[in-house]
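Chains P and W supply the protein sequences, listed in that same order. Using this note's numbering, read the first sequence as starting at -12 and increasing by one per residue. Using this note's numbering, read the second sequence as starting at 2 and increasing by one per residue.
Take these hints with a grain of salt, some might be off.
Each computed DSSO-like pair below joins lysine-lysine, with the alpha-carbon atoms no more than 27 Å apart [as the list claims (entries may be wrong)]:
{"no.": "1", "chain 1": "W", "residue 1": "K8", "chain 2": "P", "residue 2": "K57"}
{"no.": "2", "chain 1": "P", "residue 1": "K53", "chain 2": "W", "residue 2": "K53"}
{"no.": "3", "chain 1": "P", "residue 1": "K208", "chain 2": "P", "residue 2": "K375"}
By construction, these hints were calculated from the structure, which means they are not laboratory data.
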Amino acid sequence: MSDKSAHNRFVLTGVGLTAPGGANDPAEYRRRLLAGESGITSIDLRYMGKAPAGICSFPETKYRKKKENKRGTRAGCIGVYCAAEALSDAGIDFTQYDRSRTGVYIGLTEHGTVETENEVYNISRFEYNIDYWTHHHNPRTVLNNPAGEITMNQGITGPHYSIGAACAAGNAALIQGLQMLQLGEVDLALCGGISECVGSFGIFASFRAQGALAEHVDPTKASRPLDRDRNGIVISEGGCVFTLERLDSALARGAKIYGELAGYAINSDARDFVLPYGPRQSQCMRAALDRAGMQPSDITIINTHATGTRQGDVEECRAIREVFADCPRTYANNTKSHIGHAMGAAGVLELAGNLPSFTDNMVHPTINLDNLDPECALPGLVAGSPRKLEHVDALLNNSFGMVGINSVIIVKRFVAN
Amino acid sequence: MTRDEIKDLILEIIEDIDEDAEFDNLDADAPLRDQLDLDSMDFLDIVMELRKRYKLQIPEEEYPELATLTSCVNYLEPKLKDV
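Model the full structure from these sequences, guided by the hints.
Take a look at the structure:
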């Protein structure tokens, strides 16, 4: 990002989201985060029974008919809502942009698991006769499905595809959008992440088999990253889509600017299927800072990725302490403590939760942190109640995933120069 | 099943596919696709629903028999006479 002309600066101008617990717009989501509310409830899963989970409740027929929702996927339904809300929030009605020059880039941890499980269950009621297997299976499970459902709903004829990057996928989609703007492939990028994971018993069962599924008698207390008594991940559904534009285009149309995407990095651990690796995470944070031309002390808020697993939280906190060793004005929080782990949507939902800090100068708290794990101690960790700052200049958003993928996004307060 | 019951069955299946479907001015002898928001995938849904409910196997070459409400009834009447 060495060319700093307005044509080569990229800004977030619209946010559409649905977060677990019923927060369906940025303001309501922010209110709940600042109030320290949990969006986690309990789900009753096929074969498995109850587990804590983050479930979204949003007006599903606001932007398309129930018939289309039934034909499509839950991920598509979430995506259509979030994309339409983002465009509306950005004030874009495609008089400013050409639909053929608009790209849709959606990060997914996985896709097709829910639909496949449902279909196998369906034919189990017909003695596994595949004559009863639905013709909707393939269009529902192709990996571009959620992004494609957005293009159909909006009439967008530019490129669309999914970014598969495990739980780093939301950040990865933002990076993809930025790069496509940089390359001149598109003029407007709709980028974000979606999770429909709560529809899959298999995803819950796999985390349980791994000893990494959170349990708690009170589901609102189940997601407790960094806490000594954490016992795993709370799986959530959700979605968040941003409109990302070149600064010159955004200024020309008088857009509201949430923040400037200043730096990013993705790297790979190249070590293990599931275990995270702090040293590579710190390399990733440093690479993002380098690309942004920033020092660690320039970061005001770190959104930690920490999911509530024993090793993952420790690895990340060690990496953060190493990079931000002497940054007394850098604060950290954890958004998953409120909304659980929204998988492919995690990075972007967590970024959207922190973005309002540029205007309200607040750091939303980490909740359920009753007994801090000493190994997860971070200087500047905000817990229990929000913290008011004089100024918020930059956010660093960590998002890591299985099979060793790390992503970091840096968003800074927009300052015209 | 009587002809009226078959007609109600088809409309019920269509309503399940699209709850916004309006049947008030439906011409029973005109193609359903011209009058309702139905496409080829929806017709496959109708075929699948008949299979699930009555174990009816409708060969692909006979799908045109489901074009209008009247042709549906004519086609299904012998197949559902014992239901």
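Each hint, compared with the structure:
no.	hint	verdict
1	W:K8 <-> P:K57	holds (23 Å)
2	P:K53 <-> W:K53	holds (22 Å)
3	P:K208 <-> P:K375	holds (25 Å)
Consistency note: the structure conflicts with none of the earlier hints.
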